[in-house]
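J.: Sequence:
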Amino acid sequence: MDIPRRISGIRSQTPALRNHRFATAILSILRFAFCVLIFFVAGCQKADEGASLAVQIEELTLERSQLQEQISQSERENEQLKEQLQTLSGLPEGVRLENMYSLEKVRLGRLSGFFDKDKDGKREKLIVYVTPVDKEGDGVKATGSVNVQLWNLNKPEDQALLAEWDVAPGELKKVWFKTILAVNYRLTFDISDKVESFDDPLTAKITFTDYLTGKVFKDQRVIKPR
Numbered sequence: 001m002d003i004p005r006r007i008s009g010i011r012s013q014t015p016a017l018r019n020h021r022f023a024t025a026i027l028s029i030l031r032f033a034f035c036v037l038i039f040f041v042a043g044c045q046k047a048d049e050g051a052s053l054a055v056q057i058e059e060l061t062l063e064r065s066q067l068q069e070q071i072s073q074s075e076r077e078n079e080q081l082k083e084q085l086q087t088l089s090g091l092p093e094g095v096r097l098e099n100m101y102s103l104e105k106v107r108l109g110r111l112s113g114f115f116d117k118d119k120d121g122k123r124e125k126l127i128v129y130v131t132p133v134d135k136e137g138d139g140v141k142a143t144g145s146v147n148v149q150l151w152n153l154n155k156p157e158d159q160a161l162l163a164e165w166d167v168a169p170g171e172l173k174k175v176w177f178k179t180i181l182a183v184n185y186r187l188t189f190d191i192s193d194k195v196e197s198f199d200d201p202l203t204a205k206i207t208f209t210d211y212l213t214g215k216v217f218k219d220q221r222v223i224k225p226r
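Each step along the sequence shown adds one to the number in this note's numbering, with nothing skipped, and position 59 is 59.
Hints in this document: simulated from the structure, not taken from any laboratory.
Honestly, I wouldn't trust all of these hints.
Derived BS3-like pairs: lysine-lysine, alpha-carbon spacing no greater than 30 Å straight-line [said to hold, decoys possible]:
| hint | residue 1 | residue 2 |
| --- | --- | --- |
| 1 | Lys215 | Lys141 |
| 2 | Lys82 | Lys178 |
| 3 | Lys122 | Lys155 |
| 4 | Lys174 | Lys205 |
| 5 | Lys155 | Lys82 |
| 6 | Lys155 | Lys117 |
| 7 | Lys178 | Lys215 |
| 8 | Lys135 | Lys205 |
| 9 | Lys122 | Lys224 |
| 10 | Lys82 | Lys122 |
| 11 | Lys82 | Lys125 |
| 12 | Lys141 | Lys205 |
| 13 | Lys122 | Lys194 |
| 14 | Lys224 | Lys178 |
| 15 | Lys117 | Lys205 |
| 16 | Lys174 | Lys119 |
Cβ-Cβ distance ranges computed for the label pairs, FRET-style [stated by the list, open to error]:
| hint | residue 1 | residue 2 | range |
| --- | --- | --- | --- |
| 17 | Lys155 | Thr179 | 30 to 38 Å |
| 18 | Gln149 | Gln80 | 32 to 40 Å |
| 19 | Asn78 | Glu157 | 46 to 54 Å |
| 20 | Pro156 | Glu59 | 27 to 35 Å |
| 21 | Gln149 | Glu59 | 24 to 32 Å |
| 22 | Ile71 | Asp193 | 41 to 49 Å |
| 23 | Arg76 | Phe115 | 19 to 27 Å |
| 24 | Val175 | Gln80 | 20 to 28 Å |
| 25 | Lys174 | Glu75 | 22 to 30 Å |
We put the CB at the ideal spot given by N, CA and C, even for glycine.
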């Protein structure tokens, strides 16, 4: 047997074996590092998903609370309507809502006009007096809405309407005005940018919708320059 030759062969293989083992160790380290990186990224993603889920839960909880409050408000309003219905159904036979007060007309007061509120020589306010009148001729504080229009009927049709306002019931009840001689709604509007000249007579028109009976009343009055 050629023992020296075999020993020489083994020695010549030793560096290659060492290089293989080194490469294997490096590969194992890289694999381990890659696994650690994957685990870290997955953990971050789960943390982000957890935070996002918490935000969504908080938003849904808030929306649920708001919906519950709306439902509670609707239930309270429904109970009030039921009580009103029971009260009305208990009225004597022959007594109807329209008989509680019955509007005959709505009048636009003769004192309606243009006024200089700040005494600067320019009439920048329109004040209209609206009086709902019952069958007995008395002014009553009827609940409803009012549409007010200001016209210059001397202008072409497409330019005749100078201004228009809508007054809701909630605002209307705040301007109920009582004097010794009359009761009415006193409505004030700014016309500083609506009317360029007071040389022509202007016409105020009102439309009153009675919320008790659903009836609609109209009136108008020419307001001459002063």
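J.: Confirm or reject each hint.
T.: Checked hints:
1. Taking the CA atoms of Lys215 and Lys141, the gap is about 15 Å. The hint holds against a cut of 30 Å.
2. With a C-alpha separation of about 34 Å, the suggested pair Lys82 and Lys178 falls outside the 30 Å cut-off, and the hint is violated.
3. At roughly 22 Å between alpha-carbon atoms, Lys122 and Lys155 fall within 30 Å of each other, so this suggested pair holds.
4. Taking the CA atoms of Lys174 and Lys205, the gap is about 21 Å. The hint holds against a cut of 30 Å.
5. Between Lys155 and Lys82 the CA atoms are separated by roughly 52 Å; this puts the pair beyond 30 Å, and the hint is violated.
6. With a C-alpha separation of about 27 Å, the suggested pair Lys155 and Lys117 falls inside the 30 Å cut-off, and the hint holds.
7. Between Lys178 and Lys215, the direct Cα distance comes to roughly 24 Å. Compliance with the 30 Å bound is thereby established for this hinted pair.
8. Restraint check for Lys135 and Lys205: the C-alpha separation of about 22 Å stays at or below 30 Å, so the hint holds.
9. For the hint linking Lys122 to Lys224, the alpha-carbon distance of about 16 Å falls within 30 Å, and the restraint holds.
10. Between Lys82 and Lys122 the CA atoms are separated by roughly 53 Å; this puts the pair beyond 30 Å, and the hint is violated.
11. Among the hinted pairs, Lys82 with Lys125 is inconsistent with the structure: their alpha-carbon atoms are about 44 Å apart, more than 30 Å.
12. At roughly 20 Å between alpha-carbon atoms, Lys141 and Lys205 fall within 30 Å of each other, so this suggested pair holds.
13. Proximity of Lys122 to Lys194 is assessed by CA-CA distance (about 13 Å); at most 30 Å being required, the pair is judged to hold.
14. A threshold of 30 Å between alpha carbons decides the hint, and for Lys224 with Lys178 the separation of about 25 Å falls inside it, so the pair holds.
15. Our distance criterion of 30 Å between C-alpha atoms is met by Lys117 and Lys205, whose separation comes to about 22 Å.
16. Under the criterion of a C-alpha separation no larger than 30 Å, the hint pairing Lys174 with Lys119 is consistent with the structure, at around 26 Å.
17. Between Lys155 and Thr179 the Cβ separation comes to about 35 Å, which falls inside the hinted range of 30 to 38 Å.
18. Checked against the hint of 32 to 40 Å, the C-beta distance between Gln149 and Gln80 comes to roughly 35 Å, which is consistent with it.
19. Asn78 and Glu157 have their C-beta atoms about 48 Å apart, which keeps the hinted 46 to 54 Å range intact.
20. With their beta carbons about 56 Å apart, Pro156 and Glu59 fall outside the hinted range of 27 to 35 Å.
21. Take Gln149 and Glu59: their Cβ atoms lie about 47 Å apart, and the range 24 to 32 Å is violated.
22. Evaluation of the 41 to 49 Å hint for Ile71 and Asp193 yields a pass: the beta carbon distance comes to about 45 Å.
23. Take Arg76 and Phe115: their Cβ atoms lie about 44 Å apart, and the range 19 to 27 Å is violated.
24. At about 26 Å, the CB distance of Val175 to Gln80 agrees with the hint of 20 to 28 Å.
25. Hint check: Lys174 to Glu75, Cβ distance near 29 Å, so the stated range 22 to 30 Å holds.
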